Amino acid sequence: MNYNVNEKGYYGEFGGAYIPEMLYPNVEELRQNYLKVMAEPEFQKEFNQLLKDYVGRPSPLYYAKRLSKKYNTKIYLKREDLNHTGAHKINNTIGQILMAKRLGKTRIIAETGAGQHGVATATVCALMGLECIVYMGEIDIARQAPNVARMKMLGAKVVPATSGSKTLKDATNEAIRDWINNPVNTHYIIGSAIGPHPYPDMVTRFQAIISEEIKWQLKEHEGKENPDYVVACIGGGSNAAGTYYHFLHEEDVNIIAVEAAGLGIHSGESAATSVLGREGIIHGCKTLLMQTIDGQITEPYSISAGLDYPGVGPMHAHLCKTGRAEFMSITDDEAMNAGLELCKLEGIIPAIESSHALAIFEQKQFKPNDVVVLSLSGRGDKDLQNYIEYFKI
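Heads up: the sequence shown begins at 1 in the working numbering, then just goes up one per residue.
Among the clues, some could well be false.
Said to hold, decoys possible - Below are the DSS-like pairs computed for lysine-lysine, each with C-alpha atoms no more than 25 Å apart in a straight line:
no., residue 1, residue 2
1, K152, K101
2, K166, K152
3, K219, K367
4, K101, K36
5, K367, K215
6, K224, K65
7, K52, K219
8, K70, K367
9, K364, K224
10, K45, K215
11, K65, K344
12, K8, K36
13, K70, K224
14, K157, K101
15, K65, K367
16, K69, K367
17, K344, K69
18, K70, K364
19, K344, K367
20, K215, K52
21, K69, K364
22, K344, K364
23, K364, K321
24, K219, K69
25, K52, K36
26, K70, K344
27, K8, K321
28, K364, K215
29, K69, K215
30, K215, K65
31, K101, K45
32, K52, K101
33, K219, K65
34, K224, K367
The hints are simulated quantities; they were obtained by calculation from the structure and are not laboratory data. Since the model is a prediction, treat every value here as computed from it, not as a measurement.
I would like the entire structure built from these sequences, with the hints used as guidance.
What follows is the structure, given as C-alpha cells:
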C-alpha cells in the first residue's frame, strides 16, 4: 500500500485538483515546478539555513518524565512549540515563501484559523519584504486577538471573513476568491495539508522535517529510529502529516490521529471528521468531509480555533480509510484538562490543539516499554484567554 501522493495528485481515492478554470494556470504552474524547485541545491541550502538560524531547528525531542510516570509508558514530546512564532506552521511558510520568490510572485495571501499560520505567513513576508494579506474568520479574530495584533505588527493586512460560520472554512473561501481575482502576481500560502494538488504534498514535504528529526533524535535517546507510536492532533493536518511522513511505510510504527470531538461526537457541535465525514469536495480536493445528506457542509465546532475544520487533508482521509492510522476523538473538556495537566506536570503550556493529542493517555492504555512520540504542535500563549475563562483562573 502506498501512502504518498501519486502522479495524478491522489492518495488512494482522495486528493486531486478540483478548481475553477480561472485558477488552473496558478495551480498548474506550481504543480510543474514544486518538486524541481525543492530539489535545487540552492533552495535546499536556503531552506535549511533559515530553519536553523531563523526558526531555531532542530526542535528538541523531550522525554516527559513525570507524564510518562503517570501513564506508565515512555512519552516523548516533539517540541514544535519552541519554534520561532510558537508552532509548526513556520516550517511550511518558509518553504512556500522561497517557492513563491522563485516563481516570481510579489504578493502573498493566506487563510488562518487559530492565527498561527497567519502569524507565520506575516513573519516570512516581513522577512522577504513581500506584501501580505491574511483572511481570518470574524469569530476567530475575536478569540485570537493576540495573534491578530502580531500579524498587524508584522505588516500584514488582516481581512475578516464575515460569511457562513465566520471561521476557518470561510476565511479559506475568501482567500480563494482573492486568488481568482489576482492570478498573476499572487501566491496563496495554504497553511494545512489540504487544497488542490500539489498543495497537500508540498506542505507535507516542508513539514516532513519534523519526522526527519524525530528519527535521529530518537536514535540518540533510545538507540532506535522508530517509535512504537506517533501521535498528532489533526484539523487539516499539516503537523500530523509532517510527524507521520517518514513513518508512513514503517509497519512497526503505529499512527494515531487525534481529532476534536467538541461537545461530543454526536452532539452536533463537533469536528470529528473521521466519524462524521463522508466523501466530498472542499477547497479544491476530494476528501472526508462533514456534510448534510444533500451535500451542504456542516459547521464544525471545537474550542480550539485550529481544529474546527469540516474536513481533513486527503492524505489523512486515505490513512483513515485504509486503517493505517487510528483516529481518536477528544472533547473540549478532555483537551482542556490534558493541557492543564501538562502545565502542572512538565511546566509546559501547550496550545489547545496540541492538548487534544495529550488527552489520549486517559483513553488508551500503552505498555510500559512503548515509545510514544507526540507532536506538541504549538505553545499555549495564544490560548491563555481560553484557559483563563475555562478554568476561571
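Verification of the supplied hints:
{"no.": "1", "hint": "K152 - K101", "verdict": "holds, 22 Å"}
{"no.": "2", "hint": "K166 - K152", "verdict": "holds, 20 Å"}
{"no.": "3", "hint": "K219 - K367", "verdict": "holds, 20 Å"}
{"no.": "4", "hint": "K101 - K36", "verdict": "holds, 14 Å"}
{"no.": "5", "hint": "K367 - K215", "verdict": "holds, 21 Å"}
{"no.": "6", "hint": "K224 - K65", "verdict": "holds, 19 Å"}
{"no.": "7", "hint": "K52 - K219", "verdict": "holds, 20 Å"}
{"no.": "8", "hint": "K70 - K367", "verdict": "holds, 13 Å"}
{"no.": "9", "hint": "K364 - K224", "verdict": "holds, 24 Å"}
{"no.": "10", "hint": "K45 - K215", "verdict": "holds, 21 Å"}
{"no.": "11", "hint": "K65 - K344", "verdict": "holds, 13 Å"}
{"no.": "12", "hint": "K8 - K36", "verdict": "holds, 17 Å"}
{"no.": "13", "hint": "K70 - K224", "verdict": "holds, 24 Å"}
{"no.": "14", "hint": "K157 - K101", "verdict": "holds, 20 Å"}
{"no.": "15", "hint": "K65 - K367", "verdict": "holds, 15 Å"}
{"no.": "16", "hint": "K69 - K367", "verdict": "holds, 12 Å"}
{"no.": "17", "hint": "K344 - K69", "verdict": "holds, 14 Å"}
{"no.": "18", "hint": "K70 - K364", "verdict": "holds, 13 Å"}
{"no.": "19", "hint": "K344 - K367", "verdict": "holds, 23 Å"}
{"no.": "20", "hint": "K215 - K52", "verdict": "holds, 17 Å"}
{"no.": "21", "hint": "K69 - K364", "verdict": "holds, 15 Å"}
{"no.": "22", "hint": "K344 - K364", "verdict": "holds, 21 Å"}
{"no.": "23", "hint": "K364 - K321", "verdict": "holds, 21 Å"}
{"no.": "24", "hint": "K219 - K69", "verdict": "holds, 21 Å"}
{"no.": "25", "hint": "K52 - K36", "verdict": "holds, 23 Å"}
{"no.": "26", "hint": "K70 - K344", "verdict": "holds, 12 Å"}
{"no.": "27", "hint": "K8 - K321", "verdict": "holds, 19 Å"}
{"no.": "28", "hint": "K364 - K215", "verdict": "holds, 24 Å"}
{"no.": "29", "hint": "K69 - K215", "verdict": "holds, 23 Å"}
{"no.": "30", "hint": "K215 - K65", "verdict": "holds, 20 Å"}
{"no.": "31", "hint": "K101 - K45", "verdict": "holds, 15 Å"}
{"no.": "32", "hint": "K52 - K101", "verdict": "holds, 20 Å"}
{"no.": "33", "hint": "K219 - K65", "verdict": "holds, 18 Å"}
{"no.": "34", "hint": "K224 - K367", "verdict": "holds, 17 Å"}
Going through the hint list in order, the structure satisfies each hint without exception.
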